[in-house]
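Engineer: Residue numbers (my numbering), protein chains in the order written: chain A, 1 to 250; chain B, 1001 to 1330.
Source of the hints: derived by calculation from the structure; they are not laboratory data. Here a beta-carbon is modelled for each residue, glycine too, at the ideal position from N, C-alpha and C. Treat the hints with care, since some could be wrong.
Claimed, not checked - Some but not every residue of chain A turned toward chain B, in silico, with C-beta under 8 Å:
hint	residue
1	Ala75
2	Ala107
3	Phe113
4	Leu161
5	Asp206
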Amino acid sequence: MAEPILGVSGLRKTFGALKVTDGVSLDLRPGEIHALIGPNGAGKSTLIHQICGSLAPDEGRVFFEGRDVTASTPAARARAGLGRTFQVSTVIPEFTALGHAMLAVQARQGTSFRFLRPVAGDRSLREPAMAALARVGLENRAHVPAAVLSHGERRRLEVALVLALGSKALLMDEPMAGMGSEGSRELTALLSELRREAPILMVEHDMDAVFALADRISVLVYGRIVATGTPDEIRRDPVVRQAYLGDEAS
Amino acid sequence: MPERSFVPSRGLVASLAVIALPLALALWASFAGETFYVTLATRIAILGLAATGLNLALGLGGLVSLGHAAFFGIGGYVAGIVASHAMEGTSVLGLPAISEMAYVWLLAAVAAGLFALVMGAISLRTSGVAFIMITLAFAQMIFYLAIAWPGYGGEDGLPITLRNGFFGLRTMRPMPFFLISFGALLFGLALFAVLKASRFGAALQAARQNGVRLASLGVEPFRIRLVAFVLSGMITALAGALYADLNRFVSPSMLSWHMSGELIVLVVLGGVGRLAGPLAGATLYVLLEHVLGGLTERWQFFLGLALLAVVLLGRGGLMSLLAPKGVRHG
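Could you put the whole structure together from the sequences, leaning on the hints where they help?
Structural biologist: Given below as structure tokens:
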């Protein structure tokens, strides 16, 4: 089996008496989509925050490409190739869609400390940025400020940014959240294709999307992983059915 | 949504008009023999430059620094100290005291840049009120140091007998000194415009609007903000050096928190983040001070009213009245 690109071992985080993350270990292998599901309050988002570096775990380690990144800042992890999308679309209000993608391209190039040449009309930024927008179908909305993009367009912009960044692995916190059924279908197709470029660890509530996309599913309940397996294994798992899925998966 | 592509051109026209105003005032006054108005135009240019420096941090970076008087005063004291040592023929901290503006500006920028580096490295780890308070505290430290140091005038300030020179120009005469100041202003404005349009400027504006998003792209907002803060302090220090030469006097008041507040007022009055905003603010400020100051000692009451009107009604400052910036989103 291929070496995992992303690994988490023995992660623990408590808020007061609440064990939000209680000894979580999981990994992400090349080419796969690994979905993290669980009831509300299971600690999914907290776990994502610890993996991307915006929250420090009390115990445990995060490895990326075999390197311990537990002490790295979110920006350092992003530079190493760990891309993320946010649960609530996180945009720069006055920047256009193209402006966002160009910023991602300059970040990838490591050229944010260039002071003289104007960004506008810089083809070394613009062309890769437009290519990333085109992949998510936003090329016709390139010049629209993010503040007036629709919800679904912002979700797609988030994906375009990790494409422009050339991330090696992706953390996605509820990519389907708030998407209409049409939008969900398009995004599902896009993510399914994307996994070959960059494996995806995603938190998702949309069970149709999860079972359509995931190669492996881990179930998080009260900060612990109670089961990991293929979608079929998870569907049949009695513990999971009782704890979480209920009738939804039958 | 209005067509965005033609909006900048109107902004450019408005900016050029604002920039041309002090030049026109100085030229008119010079021909009319009204040297007082040349000095007034010089004051506008220098305060506009100081606030342009702040605009880099405040307007593009969203960093509400209540400590920029430190940089303004450091620039002023460098000019005063170099000039006074040059008169005595002694050296400063082992450096030769050359009473030449280019040299003074270099020293001022380096000194303020180093101070901004320390101040920024500490204050930029915080945000909001904590950031404001830390920048204020740093400036107050320098303020009290200047008061307590009798060698350079202490509380009484330090007179500059002769303005520093500028490549043989007669800097004691109003018009040459105005042109030097105006040139420095143009340099500051050009630097602001170039930085704003650059990759660094894109990252800085992203850091202001959404630092989490910038970090998720792999760029540390802290580093971007720190570099902006240092450049900002250096520009304001250049203005401070000119201001000391203009008044031929430097005192702790240049370092006081009133000065920091005044610089913020100039930026807000004119238009936060707009190229010519700080200059527009400085122009209105100096003209109000002159016109109303002649009528009443309480002219700042009217300045307060103007500021209230700008903040409550025309949120983008004077520049947004001259050239609206399209629709404000979000």
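Engineer: With a cut-off of 8 Å on the beta carbons, see whether Ala75(A) makes it to chain B.
Structural biologist: 4 Å, holds
Engineer: Go through the hint on Leu161(A) and say holds or violated, using the shortest Cβ distance to chain B against 8 Å.
Structural biologist: Result: holds, 7 Å to nearest chain B Cβ.
Engineer: For the restraint on Ala107(A), tell me whether the closest CB of chain B is nearer than 8 Å.
Structural biologist: 4 Å, holds
Engineer: Answer holds if the nearest beta-carbon of chain B is closer than 8 Å to that of Phe113(A); otherwise answer violated.
Structural biologist: 6 Å, holds
Engineer: Just to be careful: measuring from the Cβ of Asp206(A) to every Cβ in chain B, is the smallest value less than 8 Å?
Structural biologist: At about 22 Å, which exceeds the 8 Å cut-off, the nearest Cβ of chain B leaves the hint on Asp206(A) violated.
Violated hints amount to a single one, hint 5; each of the other numbered hints is respected by the structure.
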